[in-house]
Amino acid sequence: MEYDRLLQMSLDLGCLLLSSGAEIYRVEESMNRILQAYGVKESDVFAVPNCVYVTITTPEGHCITKFRRILRRFNNLDRVDQANDLCRRLCRDTPELSVAVRQVKAITARPTYNLLTEFAGYALLSFSFTLFWGGTWLDACWGLVCGIFIKSILQLSGKLKAYDFFTNIVASAAVALVATTAVSLGWAVNYDKIIIGALMSLVPGIAITTFMRDIMAGDLMAGLQRLTEGLLVATAIAVGVGLVLMAPRLVWGV
Amino acid sequence: MEYVQCIYAFFACLGCCLYFNVRSKELFLMPLGGAVGWLAYLLVAPTGNIMFQNFMGTIALSVYSEVMARIRHKPATGYLLVALFPLVPGGGIYYTMEYCISGNTEMFLETGLQTMGIAGVLALGVLLVSSVFRIFSRAARNAG
Chain C
354 MEYDRLLQMS LDLGCLLLSS GAEIYRVEES MNRILQAYGV KESDVFAVPN
404 CVYVTITTPE GHCITKFRRI LRRFNNLDRV DQANDLCRRL CRDTPELSVA
454 VRQVKAITAR PTYNLLTEFA GYALLSFSFT LFWGGTWLDA CWGLVCGIFI
504 KSILQLSGKL KAYDFFTNIV ASAAVALVAT TAVSLGWAVN YDKIIIGALM
554 SLVPGIAITT FMRDIMAGDL MAGLQRLTEG LLVATAIAVG VGLVLMAPRL
604 VWGV
Chain G
2 MEYVQCIYAF FACLGCCLYF NVRSKELFLM PLGGAVGWLA YLLVAPTGNI
52 MFQNFMGTIA LSVYSEVMAR IRHKPATGYL LVALFPLVPG GGIYYTMEYC
102 ISGNTEMFLE TGLQTMGIAG VLALGVLLVS SVFRIFSRAA RNAG
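Chains as they are written, first to last, in the working numbering: chain C, 354 to 607; chain G, 2 to 145.
Be a bit skeptical, because a hint or two may be false.
[Claimed, not checked] Residues from chain G that face chain C, not an exhaustive set, calculated with beta carbons under 8 Å: (1) Ala13; (2) Gly16; (3) Gly91.
Simulated from the structure, these hints should not be mistaken for lab results.
All residues carry an ideal CB built from backbone N, CA and C; glycine is no exception.
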């Protein structure tokens, strides 16, 4: 049995799950199950949102530890689903390691939607949420424009490797600028509805909700990390929008 | 007609599915959870208590997510992640910020606390339902 390769494979799968937005307990449980299915008696996995540690003890009493840092996370629900499926299959059938490694690689190679569809997603989300929060149809069209702005800025910052905090400030300031300009030119009615609707794609509601789940499940480190992340994003949005809304008040005193 | 909001919620969630790389039938089923949650929120609107509305909305969408996850053999997280979107207090966060910069401390505190409360209620609802489902599925496995 090649324990090094087994460890590598389970770590790959765990990191795949974690970086695609799975919960902490799912990552830890999946890795433990795979290792046990392949005959490791003693395995310890510890995961926080940006790294995974795993140690196994081979039947000969030899310890192997591996640790991997995760730098970027994107929500990719298709991957979570596929990786979760694969994990179950591996535990049931325990195929040859080389087969398992190939299957893990196959998940990484699965297609994602093209850029145009992603833009459409942001546009649709902002459009519908502007209506949802009580904007008019005209507002919603401006919401759509803001959605496209947000995605463009996120895309650009991904290329430039800018810090998330800064990206969020710029994106929310851009949205606020577009919305207030549209309203002051008389092309839209409620700038607040447009801003709320368009920024729903950035709002850390999900982070704040998952942080509670992590804490309750006993993953305190992960929970605190997510809370900090959520608060940072919220602060960035408030700063971005606040700057734009405050500037005219300071200049013209309205 | 405020029930039309459910349709807006559906399409908003569909938009987020597109950039979460959701595939196949889930592209319809996940946004449906968002609409279900909001429908429950509106149905208990006569009580006039926002916390209670949010709580019932979350309970409804979590039950939907857990059931769907079991029918479709997918992790429930995906369903929850998408369906929670309409209930996230985006408006609350925005108005909190606005009261803050306009110097209205009293309203700032009130809205801020309420927003935090809503976030807590959402988490509580999800947690409650998923714990109950976990216990029951364990019990079913042990019995069977």
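Restraint check, 8 Å cut-off on beta carbons, for G:Gly16 near chain C: holds, 3 Å
G:Ala13 as chain C interface residue, shortest Cβ-Cβ below 8 Å: holds, 4 Å
G:Gly91 as an interface hint toward chain C, with CB separation required under 8 Å: holds, 5 Å
Comparing the model with each numbered hint stated earlier shows that all of them hold.
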